[in-house]
Amino acid sequence: MLGDWVSVSGTPMRIAALGTVKAGFLDGRGEMFYHGYDSIEPIQLTAEILEKNGINLNPQGSYRIGRYASIDLTGDGRYFAYLNTNTNTNTDDPSFLRHCGKYVHELQHAFRLCGIEKEIDI
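Following the working numbering, the numbering of the sequence shown begins with 134 at its first residue and continues without gaps.
Any given hint could be a false lead.
[Unchecked claim] What follows is a set of in silico ranges between Cβ atoms, one per label pair, in the way DEER data are often shown:
1) 172 to 205: 27 to 33 Å
2) 234 to 161: 29 to 35 Å
3) 144 to 234: 18 to 24 Å
4) 149 to 248: 19 to 25 Å
To be clear, the hints were calculated from the coordinates, so they are not data collected in a lab. Model, not experiment: these values are computed from the prediction. Beta carbons are placed, not taken as given, at the ideal position from N, Cα and C, and that holds for glycine.
Generate coordinates for the entire structure from the input sequences, incorporating the hints supplied.
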């Protein structure tokens, strides 16, 4: 998706345009350049990235995002994001989203789905 963080040859970049065979990125002067999808890789979500973005570990061992969202990182590098868009903490409530993944762009998608306006910095 537009705005997703990805890695191109080990360099983190944000997608600025999507084509049929390549994605576009903006350089420091605001000019578009392109890379084929075969050279684009996801960025692993890590505790360091979460902490750099002000998402800190709480006493229960989860990373809190605001009042009603948290992320649990597992030993295998996966995460579970628990995002509740209202004050009801019942996990059967339809506003509750449990998202599982490993990559920064997947977390960005989960935020967008829940209306959480949080920019991630790499």
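Hint check results:
1. 172 to 205: 27 to 33 Å: holds, 32 Å
2. 234 to 161: 29 to 35 Å: holds, 30 Å
3. 144 to 234: 18 to 24 Å: For residue 144 and residue 234 the Cβ distance comes to about 22 Å; the hint holds.
4. 149 to 248: 19 to 25 Å: holds, 23 Å
Checked against the numbered hints above, the structure violates none of them.
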